[in-house]
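Q: Residue numbers (my numbering), protein chains in the order written: chain A, 6 to 215; chain B, 6 to 215; chain C, 6 to 215; chain D, 6 to 215.
Do not take every clue at face value.
Since the list gives no way to pick one copy over another, a pair counts as held whenever it fits inside one copy or between any two copies.
Straight-line Cα separation of at most 30 Å, DSBU-like style, residue types lysine-lysine; simulated pairs [unchecked claim]:
id: 1; residue 1: LYS152; residue 2: LYS137
id: 2; residue 1: LYS152; residue 2: LYS31
id: 3; residue 1: LYS31; residue 2: LYS8
id: 4; residue 1: LYS137; residue 2: LYS150
id: 5; residue 1: LYS31; residue 2: LYS150
id: 6; residue 1: LYS137; residue 2: LYS8
id: 7; residue 1: LYS8; residue 2: LYS150
id: 8; residue 1: LYS152; residue 2: LYS8
Simulated from the structure, these hints should not be mistaken for laboratory data.
Protein chains: 4
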Amino acid sequence: MSKGRLEAFSDGVLAIIITIMVLEMKVPHTDSLQSLQPLIPVFISYVLSFIYIGIYWNNHHHMMHAAQHVNGAILWANSLLLFWLSLVPFVTAWMGENHFSTWPVILYGMVLLMAAISYYILAHNLTSLHGKDSLFSRSLGSDQKGKISMLFYVAGIGLSFIHPLLGFGIYVLVAGIWFKPDTRFEKPVEMNDVNGPLEGNTQKKSLPHS
Amino acid sequence: MSKGRLEAFSDGVLAIIITIMVLEMKVPHTDSLQSLQPLIPVFISYVLSFIYIGIYWNNHHHMMHAAQHVNGAILWANSLLLFWLSLVPFVTAWMGENHFSTWPVILYGMVLLMAAISYYILAHNLTSLHGKDSLFSRSLGSDQKGKISMLFYVAGIGLSFIHPLLGFGIYVLVAGIWFKPDTRFEKPVEMNDVNGPLEGNTQKKSLPHS
Amino acid sequence: MSKGRLEAFSDGVLAIIITIMVLEMKVPHTDSLQSLQPLIPVFISYVLSFIYIGIYWNNHHHMMHAAQHVNGAILWANSLLLFWLSLVPFVTAWMGENHFSTWPVILYGMVLLMAAISYYILAHNLTSLHGKDSLFSRSLGSDQKGKISMLFYVAGIGLSFIHPLLGFGIYVLVAGIWFKPDTRFEKPVEMNDVNGPLEGNTQKKSLPHS
Amino acid sequence: MSKGRLEAFSDGVLAIIITIMVLEMKVPHTDSLQSLQPLIPVFISYVLSFIYIGIYWNNHHHMMHAAQHVNGAILWANSLLLFWLSLVPFVTAWMGENHFSTWPVILYGMVLLMAAISYYILAHNLTSLHGKDSLFSRSLGSDQKGKISMLFYVAGIGLSFIHPLLGFGIYVLVAGIWFKPDTRFEKPVEMNDVNGPLEGNTQKKSLPHS
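Okay, chain A solo, but in the shape it has when bound:
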């Protein structure tokens, strides 16, 4: 099964998500600079979500580029990821309009958490399909960043009960961690040159590229 249309469909959905979010920034009916002031939290919320969708697109791009093939389970894991990301415009607007108050920040974090879990499932399914010793799986490694992100989201959700800005701060932090594109999938060839031939490399149990 070819991955081309999965990439194209995901690109389409992510492109639409990242763009329709801006429709939630309602155009003020007066022309003063002050009329923009109520939009500042909506705008901040939009910027964070834009970065998150951008990060997902970047990492999805890299991961699927490294993938050799896909199967039915991967199609559904991908749809699950797109489902949770499709809720980002809703929680972005709710969080922005309510000036980062408790429940909106918690819900925002929960959607991020569910998206991260879906991405983890997608990566896990790709690893299973390609085999543990495949170039793909060795490039993905033990996915520390993915696991840490999930912990941070949980922490952010919990801390939001104390003060929602703590939660929001943690979401910004996680975005910062991921800001640098995922280089694990960037140079598979060079890695092979260093580590020897690709197949039958079973003695290297400690994956060196994680």
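Following the hints, put chains B, C and D in place on chain A, whose structure we already have.
A: This is chains B, C and D only, laid out in the frame that chain A set:
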């Protein structure tokens, strides 16, 4: 005539349909957890439609992947399918906002039925173009699942007059039947290995892969 | 200059236009069958525009498929076409909401006319680039259907001053004329079979394939 | 790293931006010609933004076509460009609804300025990656037009404090400068034929193709 742009255009339309549906979930203006409560039926309605559009994309993906070529009639059958699917956001919102009451559930079922009929016409046109004994047609088989789905939609529409949740339950059931991606088109090569050469296989009237 | 991204961008814009039109069908807040009644003219308006955008996509698909290359002027002619088509959702909603009254029907026709003129300019630019005796230009032919359509739009606009349904009827008629996909670009190879070999055919001054 | 998905994603986002802008033209509820009158400034604003997004798509198309490869920094520079362009529908609607008054025109100019700076960063990153003497960089040249545009935007913003139509006029002027597609990337091969071999061409300090 190449099928590439038909796939690209369909991907685009399906990606937009699946994404703009979320715009019907109106962001509440207060920040309490209770303010989300009225959205629960809209959300459930959204989830079901997301799954349906996902299923259509999956099956469309597989069917067009197996197709060798398209013609004008297929372009229009595809447009007819996209037309009915384009109405999904509307009926999804109407059904969700009205808490699965009778007429919205019936209309939702009718749009699903029309989409299923359009998909059937599309598959039928593809079969005609490729020939009854083609790999494509043998992979598609007698399309039991498609025919059963249509019967179920009709039953769901009828049962909605007794109680709309019966109809809704049947739509969920049909989604469950289709949840597993259509594997008929997945391994055409292996099928050939088992069943002998592709062309001139006229003695096998009972298509073995349906 | 490659035509791939022009096709992809046009597909994207057309897919969005055809899909966002449905957002103009405002979901009624009550669940009776009667509550759908005011939407009937909006729906009819939507169906006609869906068919028109579908026709444009089909013909654009065929024409660009036959094109060998594009240049800057063609990029802008294509953008001009997309501009007028981008106004279709607006005039569709205005015409539907106002039950096909005079000015909305006239404006609808004017947008169709401008789109047709833009398409003509696009086709003309492609003919100039490929040469009058090219396979592309011979496939396009004298473009009777395009010229007749423009005349019909003008007639429809004029007749709308007498009664808007006359104008609307003519727009439906033109859609009927174009419903069958443009076959001119479908079978270039067979034309060559009739007219002799492709290369080195220098003695035929009326160049059939150049 | 392949540039294909970056192009596809950018095409998608630009196609959506250019299309959803039309949603800001609210359909009037009456059918008189006069009811369209308040939309005239919104329409003018829409036309200018349509042209700007079209210009960005054209130039992005050409620049990425000439690029051989991309890296992580380029992905982010591209996302930054898309971010600022995603704000165009918002500022377009604000400027149109308020009849080109001071602050909306200033904000519109600032978004154009930020987009131009992002494009400059994107071009700069591509130059760095390909090397100063690469065909790409020599085709891009000294990017006079890009630098002049930024100066003009700054001037337009400043002049808007005197009268906003001065600023608006300058934005129209800049669009006019860019209207002709960027031909620098169009004929790299012919340029080589004239100017000699591509690599090691260090004596030509004054880049001849800028």
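Q: Taking the earlier hints as the rules, which of them does this structure contradict?
A: Those not satisfied are hints 2, 3, 5.
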